[in-house]
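**Student:** Chains as they are written, first to last, in my numbering: chain A, 1 to 210; chain B, 1 to 259.
It cannot be assumed that every hint is accurate.
What the hints assert, rightly or not - Label-pair restraints from in silico Cβ distances: (1) Gly183/B to Gly75/A: 52 to 60 Å; (2) Gly183/B to Asp156/A: 49 to 57 Å; (3) Gly207/A to Asp180/B: 37 to 45 Å; (4) Asn137/B to Arg193/A: 46 to 54 Å.
What the hints assert, rightly or not - 25 Å max Cα-Cα, derived SDA-like pairs, lysine to any residue: (5) Lys68/B to Leu196/A; (6) Lys30/A to Lys191/B; (7) Lys185/B to Thr138/B; (8) Lys114/B to Pro120/A; (9) Lys191/B to Asp114/A; (10) Lys165/B to Leu196/A; (11) Lys165/B to Leu117/A; (12) Lys68/B to Ser18/B; (13) Lys37/B to Glu23/A; (14) Lys224/B to Glu111/A; (15) Lys114/B to Gly105/A; (16) Lys114/B to Arg109/A.
Said to hold, decoys possible - These stretches of chain B come out as covered by chain A in the derived footprint (C-beta under 8 Å, 3 or more residues): (17) 65 to 78; (18) 83 to 96; (19) 142 to 148; (20) 216 to 227.
Source of the hints: derived by calculation from the structure; they are not laboratory data. Each residue gets a CB set at the ideal place from its N, CA and C atoms; glycine is no exception.
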Amino acid sequence: MGPSVTIVDYDAGNLRSVQRACEAVGLRAKISGDPEVVKRADRLIFPGVGTAETAMVTLARLGLDEAVVTFFKTGRPLLGICLGLQILLEHTEEGDRDCLGIIPGRCKRFEFGDPDLKVPQIGWNEVSQSADHALLTGVPAGAEFYFVHSYFAMPDKASHVLAETTFGDRTFASVIGRDNVFATQFHLEKSGRFGLDLLAAFGQWDGAVC
Amino acid sequence: MLSKRVVACLDVKNGELSKGVQFVATEMLGDPVAKAKAYYEDGLDELVFYDITASSDERNIMLDVVQKVAQEIFIPFSVGGGIRTREDAAGLLMAGAEKISLNSAAVLRPELIKECAQAIGTQNTVLSMDVRAVTKNTACPSGYEVVINGGRKSMGIDAIQWARKACALGAGEVVVNSIDADGMKQGYEIKLTRMVAEAISVPVVASGGAGTPAHLQSVLTEGKADAALVASMVHYGDYRVPDIKQYLHDQGIKVRMNY
Numbered sequence: 001m002g003p004s005v006t007i008v009d010y011d012a013g014n015l016r017s018v019q020r021a022c023e024a025v026g027l028r029a030k031i032s033g034d035p036e037v038v039k040r041a042d043r044l045i046f047p048g049v050g051t052a053e054t055a056m057v058t059l060a061r062l063g064l065d066e067a068v069v070t071f072f073k074t075g076r077p078l079l080g081i082c083l084g085l086q087i088l089l090e091h092t093e094e095g096d097r098d099c100l101g102i103i104p105g106r107c108k109r110f111e112f113g114d115p116d117l118k119v120p121q122i123g124w125n126e127v128s129q130s131a132d133h134a135l136l137t138g139v140p141a142g143a144e145f146y147f148v149h150s151y152f153a154m155p156d157k158a159s160h161v162l163a164e165t166t167f168g169d170r171t172f173a174s175v176i177g178r179d180n181v182f183a184t185q186f187h188l189e190k191s192g193r194f195g196l197d198l199l200a201a202f203g204q205w206d207g208a209v210c
Numbered sequence: 001m002l003s004k005r006v007v008a009c010l011d012v013k014n015g016e017l018s019k020g021v022q023f024v025a026t027e028m029l030g031d032p033v034a035k036a037k038a039y040y041e042d043g044l045d046e047l048v049f050y051d052i053t054a055s056s057d058e059r060n061i062m063l064d065v066v067q068k069v070a071q072e073i074f075i076p077f078s079v080g081g082g083i084r085t086r087e088d089a090a091g092l093l094m095a096g097a098e099k100i101s102l103n104s105a106a107v108l109r110p111e112l113i114k115e116c117a118q119a120i121g122t123q124n125t126v127l128s129m130d131v132r133a134v135t136k137n138t139a140c141p142s143g144y145e146v147v148i149n150g151g152r153k154s155m156g157i158d159a160i161q162w163a164r165k166a167c168a169l170g171a172g173e174v175v176v177n178s179i180d181a182d183g184m185k186q187g188y189e190i191k192l193t194r195m196v197a198e199a200i201s202v203p204v205v206a207s208g209g210a211g212t213p214a215h216l217q218s219v220l221t222e223g224k225a226d227a228a229l230v231a232s233m234v235h236y237g238d239y240r241v242p243d244i245k246q247y248l249h250d251q252g253i254k255v256r257m258n259y
């Protein structure tokens, strides 16, 4: 049997697509909204679409905000996806809301003078590695991943920026991480072969940066 | 830099690819799942299924197709056709669709867009509009009107105004399908696409009229579209997705080449 992952269920989007992608790369994936199950997981995937405000309210109501932070402190591998990345920071401009604070920094909204730049960013874009990380070694230069987002992460520490992407005239952190947490702004479950490869690598990851 | 997307549209009737596609699909005759998988492996950026099943009691067949496709392909795919309630939309999302596409039902009851956006998120709610050129008049100052039921019924609604209204209600993306250009393989309706793209702040997908890769180039540049939808030009084997993307790449358009 392959490694097992637990996907955090907090009514934030289509968790089944994350689960299907896990299954496609041989991971046993269960979906749970139970804080005790989340804390005890071998590996945790923290996904999410929708608004940060709704997500934070729901996480708090279900006791999952604390559970995710507790899980992070165990040192076991944690993967954030899209909104699940943004919530790992301390604060987001979206609804002026405090988040989990696992990674120091904040989220800001894309703002462009050029009306031809449509927000949200929807589509495929290049991800360029900016720091060494065990999970990024298999990602070829120029590989593109699928994004859908209006806000982007600005970690305080440059060392927490693992890869960058340029949208319009803005270069932002598209992969962030520290210690045993790794998070992608793009949807690796919808990013074709390279997304699946990254998910498979997460299934084997020991939680160490290099 | 964000890539322009090449999107393929498959018409599905009673769980099978509709006649036009079957005509040439040899080893994968009638199976939308196999066709979807072939396009996925060919580097297609996004897939649209359009359910042309006539009766609502056959909709479960479509859910089954969506479920099977979701296990095979890992790029975004949307489903349109016959979605009348937020429950229809949520059901398709649960089955594995990434986005749902609203058309006639939203014209008849615009609140449906809002209901779907609230239930499944703005980014997953797509408005697809069928549009026809008309003589400019007070009801249609842009010279383009919205039609429904596959172009059979005129609604006397201005296309640009409808696109704006749909976005205000929560549509996260707009597909502009020109009924005049559809199936003619003479190119997209560039002027219409550009007018819509300049009027709204969400991405625009151009649809109807693609016959050559040069048509995609025009609509992605001059037409200001974020994505271009193809159907018969790939279904009939005239072009393959990698050929189209290579052409666009050679013309200096940013597309996803590494997959």
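**Student:** Between Lys37/B and Glu23/A, is the straight-line Cα distance small enough, at 25 Å or below?
**Tutor:** With a Cα-Cα distance of about 17 Å, the restraint between Lys37/B and Glu23/A holds, given a limit of 25 Å.
**Student:** Checking one constraint from the list: CA of Lys185/B to CA of Thr138/B, max 25 Å. Satisfied?
**Tutor:** With a Cα-Cα distance of about 31 Å, the restraint between Lys185/B and Thr138/B is violated, given a limit of 25 Å.
**Student:** For the pair supplied as a hint, Lys114/B and Arg109/A, confirm whether the alpha-carbon distance does not exceed 25 Å.
**Tutor:** Between Lys114/B and Arg109/A the Cα gap is close to 23 Å, so the pair holds against 25 Å.
**Student:** Checking C-beta pairs, does the segment 65 to 78 of chain B have three or more residues closer than 8 Å to chain A?
**Tutor:** n = 5 at 8 Å, threshold three: holds.
**Student:** Are there at least three residues in the segment 216 to 227 of chain B whose beta carbon sits under 8 Å from a beta carbon of chain A?
**Tutor:** holds (count 3)
**Student:** Does the alpha-carbon distance linking Lys68/B and Leu196/A stay inside the 25 Å limit?
**Tutor:** Given that 25 Å is the threshold and the Cα spacing comes to 18 Å, the pair holds.
**Student:** Within 49 to 57 Å: is that where the Cβ-Cβ distance between Gly183/B and Asp156/A falls?
**Tutor:** Cβ of Gly183/B to Cβ of Asp156/A: about 55 Å, so the range 49 to 57 Å holds.
**Student:** Taking only the CA atoms, is the gap from Lys30/A to Lys191/B under or equal to 25 Å?
**Tutor:** Since the Cα atoms of Lys30/A and Lys191/B sit roughly 49 Å apart, the hinted pair is violated (cutoff 25 Å).
**Student:** Does the alpha-carbon distance linking Lys165/B and Leu117/A stay inside the 25 Å limit?
**Tutor:** Holds, at roughly 20 Å.
**Student:** Assess, step by step, whether the Cα of Lys165/B is no farther than 25 Å from the Cα of Leu196/A, and give holds or violated.
**Tutor:** Violated: Lys165/B and Leu196/A sit about 38 Å apart, past 25 Å.
**Student:** Just tell me: holds or violated, for the beta carbon distance of Asn137/B and Arg193/A against 46 to 54 Å?
**Tutor:** Holds - the Cβ-Cβ distance for Asn137/B and Arg193/A, about 51 Å, lies within 46 to 54 Å.
**Student:** Starting from the hint 52 to 60 Å, judge whether the C-beta atoms of Gly183/B and Gly75/A obey it.
**Tutor:** Since the Cβ atoms of Gly183/B and Gly75/A sit about 59 Å apart, the hinted range of 52 to 60 Å holds.
In the structure shown, a violation is registered for the earlier hints numbered 3, 6, 7, 10, 15, 19, in ascending order.
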